[in-house]
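Number of protein chains: 4
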Amino acid sequence: MRNRPGRHFLQIPGPTNVPGRVLEAIGRPTIDHRGPEFAALGRECLDAMRRMLGTRGRVVIFPSSGTGAWEAALVNTLSPGDRVLVYETGHFARLWAEVARRLGLEVETVEGDWRSGVDAGAIEKALSRDAGGARSIRAVAVLHNETSTGAASDVPAVRQALDASGHPALLLVDTISSLASMPYEHDGWGVDVTVAGSQKGLMLPPGLGFNAVSEKAWRAGAAAKLARSYWDWRAMEDPNAAGYFPFTPATNLLFGLKEAVAMLEEEGMERVFDRHRRFAAATRRAVQAWGLDFNCRRPEHRSASLTAVRMPDGWSADALRALILERFDVSLGNGLGKLDDRVFRIGHLGDLNDVTLLGTLAAVEMGLGLAGAPFQRGGVDAAMDHLAAAPAAMVDSS
Amino acid sequence: MRNRPGRHFLQIPGPTNVPGRVLEAIGRPTIDHRGPEFAALGRECLDAMRRMLGTRGRVVIFPSSGTGAWEAALVNTLSPGDRVLVYETGHFARLWAEVARRLGLEVETVEGDWRSGVDAGAIEKALSRDAGGARSIRAVAVLHNETSTGAASDVPAVRQALDASGHPALLLVDTISSLASMPYEHDGWGVDVTVAGSQKGLMLPPGLGFNAVSEKAWRAGAAAKLARSYWDWRAMEDPNAAGYFPFTPATNLLFGLKEAVAMLEEEGMERVFDRHRRFAAATRRAVQAWGLDFNCRRPEHRSASLTAVRMPDGWSADALRALILERFDVSLGNGLGKLDDRVFRIGHLGDLNDVTLLGTLAAVEMGLGLAGAPFQRGGVDAAMDHLAAAPAAMVDSS
Amino acid sequence: MRNRPGRHFLQIPGPTNVPGRVLEAIGRPTIDHRGPEFAALGRECLDAMRRMLGTRGRVVIFPSSGTGAWEAALVNTLSPGDRVLVYETGHFARLWAEVARRLGLEVETVEGDWRSGVDAGAIEKALSRDAGGARSIRAVAVLHNETSTGAASDVPAVRQALDASGHPALLLVDTISSLASMPYEHDGWGVDVTVAGSQKGLMLPPGLGFNAVSEKAWRAGAAAKLARSYWDWRAMEDPNAAGYFPFTPATNLLFGLKEAVAMLEEEGMERVFDRHRRFAAATRRAVQAWGLDFNCRRPEHRSASLTAVRMPDGWSADALRALILERFDVSLGNGLGKLDDRVFRIGHLGDLNDVTLLGTLAAVEMGLGLAGAPFQRGGVDAAMDHLAAAPAAMVDSS
Amino acid sequence: MRNRPGRHFLQIPGPTNVPGRVLEAIGRPTIDHRGPEFAALGRECLDAMRRMLGTRGRVVIFPSSGTGAWEAALVNTLSPGDRVLVYETGHFARLWAEVARRLGLEVETVEGDWRSGVDAGAIEKALSRDAGGARSIRAVAVLHNETSTGAASDVPAVRQALDASGHPALLLVDTISSLASMPYEHDGWGVDVTVAGSQKGLMLPPGLGFNAVSEKAWRAGAAAKLARSYWDWRAMEDPNAAGYFPFTPATNLLFGLKEAVAMLEEEGMERVFDRHRRFAAATRRAVQAWGLDFNCRRPEHRSASLTAVRMPDGWSADALRALILERFDVSLGNGLGKLDDRVFRIGHLGDLNDVTLLGTLAAVEMGLGLAGAPFQRGGVDAAMDHLAAAPAAMVDSS
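Residue numbers (my numbering), protein chains in the order written: chain A, 1043 to 1440; chain B, 1043 to 1440; chain C, 1043 to 1440; chain D, 1043 to 1440.
Keep in mind that the hints were calculated from the coordinates and are not lab data.
Covered stretches of chain D, going by a simulated chain A footprint (3 or more residues, C-beta under 8 Å):
#1 1045-1055
#2 1305-1313
#3 1363-1374
#4 1405-1414
#5 1423-1433
Once the Cα atoms are required to be at most 27 Å apart in a straight line, the calculated BS3-like pairs of lysine-lysine come out as:
#6 A/Lys1380 - A/Lys1167
#7 A/Lys1300 - B/Lys1300
#8 D/Lys1300 - B/Lys1300
#9 B/Lys1167 - B/Lys1380
#10 A/Lys1258 - A/Lys1167
#11 B/Lys1267 - A/Lys1267
#12 D/Lys1258 - D/Lys1167
#13 A/Lys1300 - C/Lys1300
#14 C/Lys1258 - C/Lys1167
#15 C/Lys1300 - D/Lys1300
#16 C/Lys1267 - D/Lys1267
#17 C/Lys1380 - C/Lys1167
#18 B/Lys1258 - B/Lys1167
#19 D/Lys1380 - D/Lys1167
Computed from a predicted model, the values in this text were never measured in an experiment. Heads up, the beta-carbon is just placed ideally off N, CA and C, and yes, glycines get one too.
Take these sequences, add in the hints, and give me the full structure.
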């Protein structure tokens, strides 16, 4: 158990701070997953996830991390040797490509610079090269929000790229670090398989993975030959219809899921999204005031759920993070893969308010000073200016 | 939230009643899975599972149900088309075989009668048939405790069958509903891969799957060609050594795991096993007094963690269970597969004491009466006689 | 923290088993007791207690034990030297009289036999002796349910005794161990001051004391000269009207109070009372089957919330209780005052269901056997017969 | 339940933010207050409070608010008509005097300016006037920390004033808002009765009141004639020796007390005090940067547990507090009595770390701006400078 006074600020880009109401729910006595009380819970959770994912179609819930939901998206729709086009926005796109390779798929990568969102034009170009009767690319995989770089992508533009090139490939989208923090529309955006997890905008601990599945993806599954058992969507179908699961679900996390979605919907999803935009804007003001570089170069690509900040050359981001953790009990996200030790990431998603964000930014500002890194003061001031000027939509307490 | 007065008695053979200390632990704020505090937790959990599983070797923890750990045992050790010998003790053995088939393995089944444990002689015979240079059976899969029938099996005898036939197949054992309720020794019994889950004797909610891995199984993995990513043991190796995981772990369930193992070890594993034996004996006295049949025919095969009771012919076990749930708020396990509506199963594992067991048996006795089923009274009396005569080893309160 | 497996059965006649929903509520973050969120809570709690106590008039909530509410009833209505008539039904009536003496009142006792409820005729007789202009008895104090003896009293009959004798004394009634377990009507029964506590039928931990106050008692308070500050009703009046308290309230217990009353009202108070009657009846069947004596001689006086059982002569009730606690982890109430070591008390109030009661009775039956006390088996059987035959009104789960 | 996103910042000067470990403890199942498990808890709590209060003598724990402990200090030591000298440092001193008057004591007040601590010289003068054989002042009552004004007092200097005047009056000290935040020594400072509560530095919800009692105060109690029952120290003596209480204690708050003291002692009391000094210093830097006045004029009197800030003339402190609560979900303390609407009070005591304090100060700074009050920016910057420069003593996580 932690011995430090006060509350830890978990400001990594997920897992996020789990609200008390959700922790309470998770801490309730486990129930019979084959009993009538569970059936109601199961149906509520599936419906809730439909609303969160923006679909009236099928959703699937796995006892797994988000990584598992990546795997499920692939094994349910593809066959050994199928080609998948992955846009490498950063570390997590690379990891998803790696999962595909391990499962026996052929991966074609569109290289990104790890400092911006998806260039839909590059996807269109790649798809155009895959023309004619042969058309071997079976799926295009992109991340709505690349957690390692802080860059969000325009999913409708990717959909348009597929449509423009008349390519029949499935569109697979990872919304792990954007769901319930940034608007997302599985049906509206024409996504075939969406991949999500519990531990970010949904304000839950890790342990649940999600898929949303279009009719086209479902039909593709009938012919898909990759071996699957645990991840098999079809095994879910009948039990899910009655509120049950084909194997023992993570009951207590489902208690939490029901409560977390209730909280989000009490706040109102538009307000939730506004709140995240507002936090992102305040954080960017702080970064600009400090005179530091954003990892994500293009302002319009910058994520509403996290901000990745580049350390000045020659300075260790990990040393800064360690100092901030030790001195101020604030956790920040680390640089991953190519960005190792080069960036630190401020998570501003999930169950968060203005003063928690300002406390976090204060820790960064003090930490930069203590580290001796070249920067200007004034980040917290700039963030306060923004937050004071731009009121959050208020929610009445019940 | 439940509206019924008093505490629900969750007496299915898992998930079991999660103790308050474990629920508290699970309800704590999620922490950074890449931070120093997590590293200590991760190491403690891996060590704790080594002790629970009886191994000094490798253990693997997945965010998954036990079903996932079945899949992991197969994909990490076998190649497409490999033959697996599965002893069909009941419904769950059949499901494991089905998993194997879906993953592209060839399954050879030793048929059981769903009313007893493994007949090691039948395994030896099957292995003997697979003689000569060709020896195509790569693994033998058995359940230590068949949750659907209430029959436990003699794992060392199965090991001996392999040894006696000089067969090099791997021995895969499922201990999902016996671990931490009945003695189990991965190393001592010469098991190659053990499969376990969190929601039974470990007194946790569902959501964690476990493997223990022998050196032989690990080496087999190097040549195993089944596709794997999420379940890949090797990806765990380096991060685990430092207390971390290759993808986001189910942090809050790990909080619970640490606490649950601490509780079991405070009680003392021998006492834990004795307690389960004692509950099983008391339950059997009740069943005998009622004049009902055990599903498991042979007394020496009857499980210490659950008792499956056959309804008199013509009577519905599910109707009885529904009545008991409605009238007494006690959940019992249902019959599965071939035993559908034929048996009800009393879980007497996990966090349980004498009076909870007696309340449960009272519910069954009253339920049998209300259902009008042919039976004799006196089951609770018989169980009381046993429990009063055979004191539990007492644990001092701290 | 407790090290014993399974859940402790807290079957003393209060504190009772606190339901999980209430424990959750109590474990929520404390709020500003002068802020707007608290105002709503304060009003809800005061209203809830009006409903529980059966009054449309004033209720007062103290951060205190029930003992404090005894004191408050006296100091707010009486002056030094005033005479109070206390009917000594048992230990707690005696303690209340002792409180009165310490506060400078003169106590006249109507002796009871500690084995029955109030004899209203005896009160009428005592009041008649106090006739004429002098009439010096200012208050009559009785317990609705004497927790030490298991005897309930007919409060309306006491009211009638006052009315019949035309005596102007105030009627003070303690409903500490009956409130929310047995019907109680402060207004309807013409009670002047009711005294209650949180830790019995209200299913809360101890720490809140309550008064309900008639107009007559309120007016008497204007002239009452006993010194008072903490317990002063008048200081509550203005802050309470706005939902606040004159000094810092026990905020977290108020969280629990709101939740507990919500639970009771979801069940429905008539069902709550029926449930307690049913548990009492089942317990009495068990006691009769054992061949033991009730401490409360007259069946119609026997409490619905607890049953006090006399040990056979020469046998120690405390030794039995210690044995049952050690062997079965069940707490029973001890004999108090004159009944020390002579009775054990089974609490069957609060958050309780059939199987918990049967587990408790099983512990008693096994304990009697182990103690070697003279008794007959069959108590649990008799209780099962009653509970199976007399269904509880069922509450649908939400 | 609250609907606002993120965690409320409860920065009033008590109740303070209750840490998760303590909330967990409070949310555990209530136990038998007459059983062996409770006896250990009771003893541990009494011992823990001895250490907190700095005494090897008697401590008393009441189920009550701190107000109740004020009353207990008086009724256990004084007789009707006794004179008490109260130094009116502010609102709470005045309230204590009012309690004394209501209980029938004669109060002599030393007027303070509500902007500083006790002037020990004024006490010495008042005592000197009460010379000769008649010496009618029986007790001197002061607050160690006046929560309404933010001024702390030099208790040893008050002791010296009594000693210098050779006056035999008892010294009664209220440490409600300083205990466990600022050093306090009941024995070492020669205090006769100390008054404390649970909801401030002890990091508990309200509901427990405490007294520490010197031998002299105990002996005075033998002759004290004020009526008392609930508050009677002597009734505690025998039960407390065995770990029990004379009436039902607030069991669940005692669970919390044990845990809270464990947490404080794991941190180390010197570190706890240093931390509070550091937070006070940072807060003062902010106030000075804003150009606002401290309510407490003399720097050396300023409290380490809270800072009362005066609003510029013509500006409403309550309007500012309401705005900050609505916009930023931060609760600040209000002005009380004479200071109504004139000051706001920042609580920096209890379970708190640097970033929570900075978030709080940011809310104040933004609020001042939004209110349009005359002030300078730079408060948060100044506080950051202080906190970054003056590292807290670090506590290793276990």
